[in-house]
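> The listed protein sequences correspond, in order, to chains X and L. Using numbering that gives the first Met the number 0, read the first sequence as starting at 0 and increasing by one per residue. Using numbering that gives the first Met the number 0, read the second sequence as starting at 0 and increasing by one per residue.
Because the hints were derived from the structure by calculation, they are not lab data. Please note that a few of the clues may not be correct.
[Claimed, not checked] Cβ pair distances, simulated, as ranges: (1) Met0(L) - Arg27(X): 46 to 52 angstroms; (2) Ser207(L) - Leu35(X): 54 to 60 angstroms; (3) Ser155(X) - Arg107(L): 25 to 31 angstroms.
[Stated by the list, open to error] As a list, the in silico DSSO-like pairs of lysine-lysine whose alpha-carbon atoms are at most 30 angstroms apart: (4) Lys12(X) - Lys63(L); (5) Lys12(X) - Lys113(X); (6) Lys113(X) - Lys57(X); (7) Lys12(L) - Lys188(X); (8) Lys113(X) - Lys63(L); (9) Lys12(X) - Lys188(X); (10) Lys12(L) - Lys63(L).
A virtual CB, placed ideally from N, CA and C, is assigned to each residue, including glycine.
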Amino acid sequence: MIGIVDYGCGNLKSLENALEFLGLASRRMSGRDELLAVDRLILPGVGNFGHAGAELAKRGLADALRERAAQGGPLLGICLGMQLLFEGSTEAPGIPGLGLLEGGCERFAGPGLKVPHMGWSAVDFGDLSGAAYFVHSYFIPGWPEGRPAESVGLASYGHPFLAAFRSGALGGFQFHPEKSGSYGLNLLKEALRWS
Amino acid sequence: MVMKRIIPCLDVKAGRVVKGVNFVNLVDSGDPVELGARYDAEGADELVFLDITAGIERRDTAVKMVAAVARAVFIPFTVGGGIREVADAEALLMAGCDKVAVNSAAVRRPELITELAARFGSQCVVLAVDVRRYPEGLRVVVDAGRTPTRRSMEDWLAEAQDRGAGEIMLTSMDRDGTGLGYDLDALAAASQGLRIPLIASGGFGMASHAVDALTAGADAVLAAGAFHTGGFTVRGLKEELARAGVEVRPC
Numbered sequence: 000m001i002g003i004v005d006y007g008c009g010n011l012k013s014l015e016n017a018l019e020f021l022g023l024a025s026r027r028m029s030g031r032d033e034l035l036a037v038d039r040l041i042l043p044g045v046g047n048f049g050h051a052g053a054e055l056a057k058r059g060l061a062d063a064l065r066e067r068a069a070q071g072g073p074l075l076g077i078c079l080g081m082q083l084l085f086e087g088s089t090e091a092p093g094i095p096g097l098g099l100l101e102g103g104c105e106r107f108a109g110p111g112l113k114v115p116h117m118g119w120s121a122v123d124f125g126d127l128s129g130a131a132y133f134v135h136s137y138f139i140p141g142w143p144e145g146r147p148a149e150s151v152g153l154a155s156y157g158h159p160f161l162a163a164f165r166s167g168a169l170g171g172f173q174f175h176p177e178k179s180g181s182y183g184l185n186l187l188k189e190a191l192r193w194s
Numbered sequence: 000m001v002m003k004r005i006i007p008c009l010d011v012k013a014g015r016v017v018k019g020v021n022f023v024n025l026v027d028s029g030d031p032v033e034l035g036a037r038y039d040a041e042g043a044d045e046l047v048f049l050d051i052t053a054g055i056e057r058r059d060t061a062v063k064m065v066a067a068v069a070r071a072v073f074i075p076f077t078v079g080g081g082i083r084e085v086a087d088a089e090a091l092l093m094a095g096c097d098k099v100a101v102n103s104a105a106v107r108r109p110e111l112i113t114e115l116a117a118r119f120g121s122q123c124v125v126l127a128v129d130v131r132r133y134p135e136g137l138r139v140v141v142d143a144g145r146t147p148t149r150r151s152m153e154d155w156l157a158e159a160q161d162r163g164a165g166e167i168m169l170t171s172m173d174r175d176g177t178g179l180g181y182d183l184d185a186l187a188a189a190s191q192g193l194r195i196p197l198i199a200s201g202g203f204g205m206a207s208h209a210v211d212a213l214t215a216g217a218d219a220v221l222a223a224g225a226f227h228t229g230g231f232t233v234r235g236l237k238e239e240l241a242r243a244g245v246e247v248r249p250c
């Protein structure tokens with residue numbers, strides 16, 4: 000069973016459709032106990048970092064997710080969900096992320112750079128490289144120094160940024176695998192085996 | 000770097016694709032789900048469904064279609080046609096499309112763009128703009144090109160962008176259906192003042208037309224008939240674009 004954290008931040012339908020297409024059973028979850036018990040867990044998210052971070056905290060889910068990660072339980076963050084695995088974001092300076100990884104998000108800025116970064120960009124992710132569909136205004140600059148990772152995927156928009164990673168049972172995609180065609184579906188399936 | 004996009008557009012009426020699509024080995028050439036999945040597999044970067052259903056049952060049939068398409072298509076897709084208020088857009092987005100396109104209703108009531116952007120975010124809001132060339136310049140036309148307005152293209156695009164449109168789909172009614180190529184002057188003029196992506200529409204007939212449009216300032220090219228009738232495949236077009244030095248997503 001794959002749990003999808005349901006905390007009122009974004010439409011979960013596309014992700015559910017993708018999992019169904021892959022033949023994987025999923026269920027929306029919003030309670031501490033089920034978040035800790037389920038085999039696989041996805042933290043999705045669309046919208047504002049501050050709103051999402053506050054919702055996770057208010058619903059008692061931030062602590063549950065930290066506890067799950069401390070126990071080595073698999074957790075895959077998608078889009079804003081990946082950003083939330085880190086410490087914070089300049090989008091909402093007062094709202095902490097889950098702090099499972101060091102670093103925070105910054106906003107894209109630069110002459111001629113259209114924000115949000117929206118569309119298909121190349122992801123350099125070793126054997127799992129391809130082109131993926133992104134929609135985001137904030138980014139994680141890179142992988143935390145000195146922290147081990149099985150693989151780190153970078154994309155570039157004005158400059159390189161963190162597009163994907165796998166580190167033990169933790170994984171993250173800044174792009175939308177559920178909207179990235181067959182590349183994204185294969186990647187999603189692969190990531191749901193990481194432990 | 001964002002890759003240039005190829006976007007097939009499908010007209011649907013009461014949940015069925017109209018203006019026949021002649022794919023080979025297609026069981027049901029009018030099924031939006033089957034066609035959408037086919038284009039996804041062929042390398043389309045995005046899809047647009049234009050709902051031309053009239054009458055009160057429009058929203059229900061559109062929502063049903065979107066829900067079915069979303070279960071089989073895993074690239075972004077936009078739905079346009081008949082969206083007049085936030086509730087129309089909400090029903091479609093909740094059913095699983097990624098963006099909604101508004102056109103005439105936004106010209107008549109520009110606040111619609113502001114409302115949609117505030118509620119769903121600009122990334123969900125595509126403004127479709129139909130233009131026709133008049134002696135005094137490019138003017139916005141509405142009601143599928145039947146009704147001229149006094150709006151200049153430049154003026155409307157500037158306002159729409161300020162109101163929070165996330166993307167502009169610019170159709171030249173002079174070129175639409177001709178296969179003579181996109182209106183490059185219109186695209187160049189439109190892209191001048193835009194900070195948001197521009198989709199070229201109307202006139203595609205050969206690969207060089209796409210290259211020209213993307214060079215003139217478009218971020219994506221949209222075509223309907225050329226793909227549907229089998230004269231062009233998305234894959235073939237992408238190969239030609241790549242040969243011309245345009246960065247596209249490999250199929």
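> When you check the alpha-carbon spacing of lysine 113(X) and lysine 63(L), does it fall within 30 angstroms?
violated (34 angstroms)
> Keeping to a limit of 30 angstroms between CA atoms, is the pair of lysine 113(X) and lysine 57(X) held or broken?
Violated, at about 34 angstroms.
> Tell me if the straight-line CA distance from lysine 12(X) to lysine 63(L) falls inside 30 angstroms.
Cα-Cα ~14 angstroms, so holds.
> With 25 to 31 angstroms as the target window, see if serine 155(X) and arginine 107(L) comply at their CB atoms.
violated (41 angstroms)
> Holds or violated: the 54 to 60 angstroms window for the beta-carbon distance between serine 207(L) and leucine 35(X)?
Given range 54 to 60 angstroms: holds, Cβ gap about 58 angstroms.
> Below or equal to 30 angstroms on CA atoms is what counts here, so check lysine 12(X) against lysine 113(X).
holds (28 angstroms)
> Is 46 to 52 angstroms right for how far apart the beta carbons of methionine 0(L) and arginine 27(X) are?
violated (35 angstroms)
> Going straight from one Cα to the other, do lysine 12(X) and lysine 188(X) come out at no more than 30 angstroms?
holds (17 angstroms)
> Can the restraint linking lysine 12(L) and lysine 188(X) be considered satisfied, given a maximum Cα separation of 30 angstroms?
violated (35 angstroms)
> Does lysine 63(L) sit within 30 angstroms of lysine 12(L), going by the straight-line distance between their CA atoms?
Between lysine 12(L) and lysine 63(L) the Cα gap is close to 12 angstroms, so the pair holds against 30 angstroms.
In the structure shown, a violation is registered for the earlier hints numbered 1, 3, 6, 7 and 8, in ascending order.
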